[in-house]
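Residue numbers (this note's numbering), protein chains in the order written: chain A, 1 to 572; chain B, 1 to 283.
Calculated directly from the structure, the hints in this document are not laboratory data. Watch out, some of these pointers could steer you wrong.
[To be verified] Residues of chain B placed beyond 12 Å of chain A at every Cβ, according to the derived structure:
(1) C15
(2) F21
(3) G136
(4) I217
[Unchecked claim] Result set (DMTMM-like, lysine to aspartate or glutamate): computed pairs, CA atoms no more than 25 Å apart in a straight line:
(5) B/K28 - B/E228
(6) A/K149 - B/E281
(7) A/K395 - B/D37
(8) A/K392 - B/D6
(9) A/K233 - B/E281
(10) B/K277 - A/D380
(11) A/K392 - B/D37
(12) B/K280 - A/E226
(13) A/K377 - B/E281
(14) B/K261 - A/E234
(15) B/K274 - A/D422
Glycine included, each C-beta is placed from N, C-alpha and C at the ideal position.
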Amino acid sequence: MDYSIKIGGEAGQGIQTIGDTLARVFSRAGYHVFTNQDYESRIRGGHNFFQIRFSEKPVTASRDKIDILVALDKESIEQHEKELSEYGQIIYDSATLKQQHEKSYFLDIPFVNLAVKHGGNKIMANTVATGAVLGMLGMELDILLDIIKVTFKKKGEDIIKANIDAAMAGHDHAVKECIKCSFSAAPISKPKMLIAGNDAIGLGAIASGCKFYAAYPMTPSTGIMEYVASKAKEYGIVIEQAEDEIAAINMALGASFAGVRAMTGSSGGGFALMVEGLSLSAMTETPIVIALAQRPGPATGFPTRTEQADLNFALYTAHGEFPRVIFTPGTPEQAFYLTNKAFDIAEKYQIPVIILTDQYLADSQWTFDNFDLSKIKYTDYRLRGDTFKNLKQYKRHAFTDSGISPLGVPGDAKHLVVTDSDEHDEEGHIAEDAETRIKMVNKRLFKKLPLIQKEIEPPLIYGHSNPEIVISGWGSTYGVMKEAVDELSANWDIAMLHFSEIYPFPPINKFNYLKVLKNAKMTICVENNATGQFAKLMKAETGYTFNTLINRFDGRPFTVEQLLGEINAIIR
Amino acid sequence: MPSLDDYKGQNPTWCPGCGNFSILKTFKDAMVELGIDPHQFTIVSGIGQAGKFPHYLKCNTFNGLHGRTLPVATGIRLSNHDMLVIAVAGDGDCYGEGGNHLMHAMRRNINVKLFVHDNQIYGLTKGQASPTSMEGMVTKNQPFGVLSAELNPMALAVALDCSFVARGFAGDTEHLNGLIKEAINHKGFTLVDVLQPCVTFNKVNTYEWYRQRVYHIEPEYNPKNRIEAFKKALEWGDRIPIGIIYKNNRPIFEERIQVIKDIPLVRQLFNVAKIEKTLKEFY
Ligand SMILES: Cc1ncc(C[n+]2csc(CCOP(=O)(O)OP(=O)(O)O)c2C)c(N)n1
Ligand code: SF4
Ligand SMILES: [Mg+2]
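Generate the whole structure from the sequences, applying the supplied hints.
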């Protein structure tokens, strides 16, 4: 089985609540779940949807066909009726939509009436709808009822009871009335974890000992800040909404200078404001982790949509020459571990590390069996307390073989910690002479770079080990490309090459991915942008040119069907 | 106890006669008199002649970007509120490039001591107008004279209920010494605007010009009265008040952040194992 459910409606109608709840029910029932959202930049009205796919087999992307459409507005029916699968059903409330549908795949469920009758308030219409979907699927309500009990714990017994009654009313109505429903989805195994990209980054930061997060709200990065904020009390994290992104990055740098792990995050526009701070991190060798969640530009672009067009920006922005690291996770799981690696590398080499995601990954939820905390690396590279006190001599920017100078915590010892955005000497004081300049560039850039390069893991190959066809990409296209490879594997020797540690560009000594590319008959680079920025980077770094590109730049993520269509058109 | 020798830094590159020299000397004296050791505080500075200040003494230093002293200082305080954090900026630095941060630092009332070396000109970039340059002042970049009204940092600060608002004069070091100590001992965000003659580029606001105008705020003046303070802050022209214009006891930002109430962030330990519990919330 492999079902897709779409909840469509206006902003403010609660589609997110229904979607989140259903996704949680399925993941707890042991299914593999994938959810994604499509929303407009508005708080009320418009048309938004939430799509959930779940299956016994791993799912990593949405499909075009829908099995159950929960239509909370007319527009949902107009836009998505055509997406219904052979056995698909649409549920709607004719009283709310003020229209009646006669076609056999429509099921009229009085969400509002049932809510008022059983829950005592029309506010519970969404609980009725959630119950109804589970009824259609032939699922019991026990998991949903558990969720309701926890969600409304603070609101008291009455509210819990009302919601339970509303859910049961929706469930029973669907069981009775949906004669055409042929779905079945009983729990299959132990619960899986369900997590979105943004939450995974936030969790990864906390698991890495991040103690300070300053940012200015900007979709789609805000979720990271919200997650960290939700844990601030429990983990002792200072979270500050700065007056602007310039302040945000400078605050984070101040915090890092003072001795704590610090992070900031934004989308392209806000990151643009941070750019001078990025350069400051490099010059002062102050560790920082920056999450850059892309949305389509230029300028304000599509505030709530997705694109992978800021790779060049992340690679080349900021004045001067300095090492930086860029990670481009493809799944929430990768986002979690790579955020940890970002903190480790940032502090170890005293450099800025960028985690480059996009709206699609930020808001998509995936299921996993577990995140393995034993894989989390936590090494405190700072000089603190007695270790710092006992040093005979200290120079913040001392020349060393590795280029890495001791990172002391100011105030912990009599040694002074001095740094400067001007070129400086070993002590950190302004320097103007050419000799110091050359030595400093050697230290910051040429000595550290090869060490940093060694930390970079090669791309992941999925599918055939000696493929005729290679589809390649980075970041959030992972899930769609993987499913495309699964589909095409029956007829082709095909593999995916996915890059999640993109810069410094992975060397070929750990895995010669260039050989894989060169041996293939057809190589395709898939990017959610107009110009194929990664393909150009590949060319610049390795000299290798992909045979062809597939690009999408309408602000929407690739779908499996679309990608398959384009790949088939090329390889046939 | 520290001595002046402990505070000896690099040789300043300022022009002979620059007002910054006396601010530097006064500052070092004050720190020695307060008994504060160089490693016990951090100076965050920006870019400009004033921004070079920390290099010419001894202390922990973050000499950051033009205009960005206050966010960095805020970050340091939030990580380690046992650390005395002093921000040193130029008038262009703080009132121009970083103006937004100034407003918000005052709103937060972060316990940072801000000293603005106000020479009413851009010194390091060779004499362009700054936000405090006088209307009509002709420079290479303002050939028709400054057309915008002068910024009044004192009035701005009183309007924003800044916790401590004062003005000093580089030519009156005894008075400045007192202000520096008062600012450092005050709990809350402090703005001390120090009139600092730039002998090379500002031919209008010279030592003489300031000397003819500045007067010590009367001892009976009550800086806790905000309305009176606003009146005082508006005084500028023939007579320029120096001294504490306004102060209040607003609670500082750091104290209002629950998680650092007891222990500074930088001393709080971290244990990865705790995450296990949080992971469960995703099931
Ligand atoms: C982002 C940025 N813009 C411009 C400059 C060039 N710049 C350096 S100092 C300065 C103005 C200095 O004036 P002020 O802050 O009043 O300091 P002063 O030199 O007078 O002490 C400018 C414009 C810079 N360093 N960074
Ligand atoms: S240019 Fe003006 S402010 Fe700068 S050092 Fe010379 S006198 Fe001082
Ligand atoms: Mg100036």
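Verification of the supplied hints:
no.	hint	result
1	C15	16 Å, holds
2	F21	17 Å, holds
3	G136	32 Å, holds
4	I217	31 Å, holds
5	B/K28 - B/E228	32 Å, violated
6	A/K149 - B/E281	15 Å, holds
7	A/K395 - B/D37	18 Å, holds
8	A/K392 - B/D6	17 Å, holds
9	A/K233 - B/E281	16 Å, holds
10	B/K277 - A/D380	23 Å, holds
11	A/K392 - B/D37	18 Å, holds
12	B/K280 - A/E226	18 Å, holds
13	A/K377 - B/E281	22 Å, holds
14	B/K261 - A/E234	14 Å, holds
15	B/K274 - A/D422	41 Å, violated
The structure fails hints 5 and 15 (numbered hints given earlier, in ascending order).
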